[in-house]
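**Student:** Chain by chain, the residues:
Protein chains: 4
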Amino acid sequence: MITFGVIGFGYWGPNLVRNFTIPGRSQVAVIADRDAAKLARAAERFPGTATTLDVEDIWSNPAIDAVAIATPVRSHFELAEAALKAGKHVLVEKPMTETVEQGEHLVDLAAAQKKILMVDHTFIYTPAVQRIRQLVRSGEIGQVYYYDSLRVNLGLFQHDVNVVWDLAVHDLAILDYVLDARPLAVSAVGVSHVPGACENVAYVSLFMPGDAVAHINVNWLAPVKVRQTLIAGSKKMIVFDDLEPSEKLKVYDRGVTLNDDPESLYRTLVSYRTGDMWAPNLPVTEALHTEALHFLACIEGRETPITGGDMGLRIVRVLELATQSMKQRGTPIPFPGA
Amino acid sequence: MITFGVIGFGYWGPNLVRNFTIPGRSQVAVIADRDAAKLARAAERFPGTATTLDVEDIWSNPAIDAVAIATPVRSHFELAEAALKAGKHVLVEKPMTETVEQGEHLVDLAAAQKKILMVDHTFIYTPAVQRIRQLVRSGEIGQVYYYDSLRVNLGLFQHDVNVVWDLAVHDLAILDYVLDARPLAVSAVGVSHVPGACENVAYVSLFMPGDAVAHINVNWLAPVKVRQTLIAGSKKMIVFDDLEPSEKLKVYDRGVTLNDDPESLYRTLVSYRTGDMWAPNLPVTEALHTEALHFLACIEGRETPITGGDMGLRIVRVLELATQSMKQRGTPIPFPGA
Amino acid sequence: MITFGVIGFGYWGPNLVRNFTIPGRSQVAVIADRDAAKLARAAERFPGTATTLDVEDIWSNPAIDAVAIATPVRSHFELAEAALKAGKHVLVEKPMTETVEQGEHLVDLAAAQKKILMVDHTFIYTPAVQRIRQLVRSGEIGQVYYYDSLRVNLGLFQHDVNVVWDLAVHDLAILDYVLDARPLAVSAVGVSHVPGACENVAYVSLFMPGDAVAHINVNWLAPVKVRQTLIAGSKKMIVFDDLEPSEKLKVYDRGVTLNDDPESLYRTLVSYRTGDMWAPNLPVTEALHTEALHFLACIEGRETPITGGDMGLRIVRVLELATQSMKQRGTPIPFPGA
Amino acid sequence: MITFGVIGFGYWGPNLVRNFTIPGRSQVAVIADRDAAKLARAAERFPGTATTLDVEDIWSNPAIDAVAIATPVRSHFELAEAALKAGKHVLVEKPMTETVEQGEHLVDLAAAQKKILMVDHTFIYTPAVQRIRQLVRSGEIGQVYYYDSLRVNLGLFQHDVNVVWDLAVHDLAILDYVLDARPLAVSAVGVSHVPGACENVAYVSLFMPGDAVAHINVNWLAPVKVRQTLIAGSKKMIVFDDLEPSEKLKVYDRGVTLNDDPESLYRTLVSYRTGDMWAPNLPVTEALHTEALHFLACIEGRETPITGGDMGLRIVRVLELATQSMKQRGTPIPFPGA
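Chains as they are written, first to last, in this note's numbering: chain A, 2 to 339; chain C, 2 to 339; chain H, 2 to 339; chain Z, 2 to 339.
Since the hints were made in silico from the structure, they are not lab data. Heads up, a few of these hints could be off.
Which copy is meant is left open, so a pair is good if it fits within one copy or across any two.
Unchecked claim - Straight-line alpha carbon distances no greater than 20 Å define the calculated EDC-like cross-link-like pairs of lysine to aspartate or glutamate that follow:
no., residue 1, residue 2
1, Lys-251, Glu-79
2, Lys-251, Asp-277
3, Lys-116, Glu-79
4, Lys-226, Asp-277
5, Lys-115, Asp-66
6, Lys-226, Asp-242
7, Lys-226, Asp-254
Predicted, not measured: the structure shown is a model, and the values here were computed from it.
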């Protein structure tokens, strides 16, 4: 039985408590929050769980093996660092930290402490993304041409992070997980329409190896909610619509066939191929439950984190460079070592 | 009665012939094409109209007042120049020319010859775009925040122009027409997935005055066809879906209200407003017919071209700078004089 | 403070407990169910509420003012009758009873006992249906021509009632509430595809006064889920799509204009009118909460039940006659007194 | 070379002329219409084809082998009879005749004259319907449970036939072609909302062998256009949406599994099965072209009409009985011999 402390009881905290309450496997002993009103709600909803305003109660409690941190981004580093130093395994909300430097420090600290550091990139554990990875990695869609995501809606404006850190973070995690490649450079454009606030509209382009490109359009100020991603390969193409109640994934047997005729300067270079469309049936499972089981298995030494500190750090690096490019109006920023 | 020569009888030429055949107003006397097979089809479809392989027959024919040029982009300049020199009014397919230099020359020549030079940016004459302009220019949607267009499908690859010159050209014309503002700088990213071919995927961002931004996502290699544009203002937001058989325009009474409370650092800066949605009924008219009548009125001196050579030139300038930015992976290029 | 007993803790019971727990207005003192496992779940979810396997504990408890009954249809009559005899106000799930005779008895009993008898036709309390009624009753859509509903999905097969009693009951309640008219006759067709089971596909047509017609297509064996209703009037037409996350209602300014030219035998009798479409913004409220407040107000004598026993009885009568027509393959059955 | 006369040059006639103009196979020699204005348009569009106001010119012309009749329903019988008597093969618009008696006479006459009598049920020749038949007849969807079609839009009111004869005729032809079964009885409900006009809304239910049911909802007065058909079998289910530009057919691997446990009276009788969805790629061919080639092959003795007079007659019989049932408000009418 692995015992948890959950830190932060806002929007996401209750889901963490619920999903780490697994009879015979794990339990939540303490819920911490700096807001007494939130703790009152926690006590009402989970009457068997202790609550505390002081997170020190978690660090000092030897019965607690691991913590799940669901607080605003600006407190991630401090809390995760303290938890690791106190010898706890850590699951922290995405994005992992506010800076690459903080992220590197956490990764090193977790290694030194021999504790699991995992980032809650929940999307990675959805049946849809699991299936996309399988379609891509098996070679079924062929060489990847592009990943193009539209993730827009009305609200919720964040005040400590811009829309890239809030929404594009999902696509960056999916990209990292699905593709067997790291970005070479990033060009990003972003605009703020609220004086004094962060960018609420942004367009991020990632140059990938092999002429692949990733593009992410995120927006807090759109009249309609859209969650649509196109992933095209040389053999097949995927449309992922996360708002579809069923048929979230559609696989199109479509593409182009290149004509290698050198004489074809004035003729069409490519011909089109249109075949069947197929929507694989996806299991109905809660991603956070899958993730919770995976985190437990990692703590028990049976699995290696899919969304570990190293991946969390890669995502923070993209977020940092994208923000840097936004400040320079799209000027491309190469990745270190790429 | 204004008499036309139509040059180029490929995909678009037949539409020009049909729309310039207006009893009592205009007629098409000659159709020219360098391809005898196409002329044979022209003769079959329009038995009363002469055909010629030699465009000189048009220049030298004093009965011809005006020409409509529907040939590949690379021949636009040469044909339009010859037509103007021969004293004909000119309607030329978009984009007007391959370079800004060529465009400037045509604009000057038309002025010198006192002839109408108009570019066939057909989209401008659709009821939907006319209505969008009215919604924007009347102030009904408030201060414009962004224009965000997704214009993707499978094919048709062009070989002499990239996807920006082929598809983004529509959005650039709409932007030029709808907004009362000129872009300050452009950042564009594009990729080619066909060896030796032009970019088939591109993302163009335009920095506009007043923190407005325009973004255009164009793609010849998408599994599904999408024609969707979001235009958000401080008061209302528009969704323009050109594939909808009816309800192409939806106007959402949605947005944010800014809280000017300086104490609100840790509270939400904005609150959301959600009201009715409204889809104005649009007349069912053929845009090219509206455009043809407008061109005739311009020739007769009663109207000034909406899509004249000056506008065509502005579009070519954006296309040229966007292509330049693409070659530099998104590096922003300022507009001359902006 | 009005005190409730909730009977039946299956799918719907928890929602009743939650919605009748209104600080300062009403509370749930006891939850009854014949299944100990369900009571265990109730105790876990609502730790402050007593549970019992024996419904007699509710009848004999003088502190309980009212009951909410969420059991299978076959037990509605017996439980509601006992509750009324014990002097409790009653909210019972729809359909109210299995037969008209039972329904008449309950209505009479409630009157004799001077207790409120209300049926949980939840749909009536949704913002969408409230708005539809207002659009219809205000005359805005003109004379009603038809109500046409498609309500299909895969599952859940019921074993004690057919698909008409399970799904068409929603439309019958909406019709009763929205229109100021009672059906004249019913013709229904239904088929069972599971040996020994009730009809799982059915088509119910109601002849209404003034050449209006209502048609309800219900199906437990459809590959896709659809909840779409068309309501056409002489002036406007409504499309109600309950699966739309927003824009559930669309009002179309469309219709026909009759030509009263007696000479028009061989010409078109009607001309079409197409105007704007408009989607009114609907408040985001939980229907059951609205209904709970209304039930409390009825008990307190301040309001009269919208979905009282008399309405519940009218719905049961339609269900009974529709089932009778189904047994006779669509033979129309007139309504008594119509 | 087979030579045609085309009778009627309204909406559909031009398509017939175009599709029967097949170099080396067939040609249209004469177009007949009683309206001189329509003949003028015919002469303009097809300059090489003769026109006549007098249909006798066709009967008496020995060079004409076959006629295609695209006139209002009320003249079908008279024209087809005259054509057959004149020794011409006949393709006539659907529905074939106004009455069963007329239909029987034409079928007999064609047999006596040894001429081909075919009805232009164009839908049967679409790739979608061809594929549906293959999916049904191969047993891939299992035992057919139901066919449920929604075919509604705004307009066009006909004045000589009701909405069943105008729109349901498509579904009746599809049903006849797809299923290997004939209806046992029909129950239909219809209403007219225009004084003096035919029914503009109708619901037709067909009882088929083996507890299968077909239901057709047709409406000239709907705010939106819908063309959607559900076809469910014991193994798979089909959704046919004719307005989808691609993916017109979707095949769902969904259904129920029956539990044959006799003890399951109070438990669920069925369990649900949800698998992949699959949209077969359909060829892009014009149905009328396929039909024209088939008609030629029938005339040449190489094929037997798929939509011959016998099928046309079966459809007219259903239309006649459905209208009869409508007059009796849904009273079921058995089919002769069923």
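**Student:** Each of the hints needs a verdict: does it hold here or not?
**Tutor:** The hints, checked one at a time:
Taking the shortest Cα distances, Lys-251 and Glu-79 never come within 20 Å of each other, neither inside one copy (42 Å) nor across copies (46 Å). Taking the closest pair of Cα atoms, Lys-251 and Asp-277 come within 20 Å of each other both inside a single copy (10 Å) and across two copies (10 Å). Taking CA atoms no more than 20 Å apart as the test, Lys-116 paired with Glu-79 passes inside one copy only; the shortest distance there is 16 Å, against 61 Å between copies. In this assembly of identical chains, Lys-226 and Asp-277 lie within 20 Å of each other by CA distance solely across copies; the values are 16 Å between and 28 Å within a copy.
Proximity of Lys-115 and Asp-66 under a CA criterion of 20 Å is satisfied intra-copy only: 13 Å inside one chain copy versus 61 Å between copies. Proximity of Lys-226 to Asp-242 under the C-alpha cut-off of 20 Å is found in both arrangements, the shortest distances being 11 Å within a copy and 15 Å between copies. In this homomeric assembly, Lys-226 and Asp-254 come within 20 Å of each other (Cα to Cα) only across copies, at 15 Å, whereas the closest approach inside a single copy is 27 Å.
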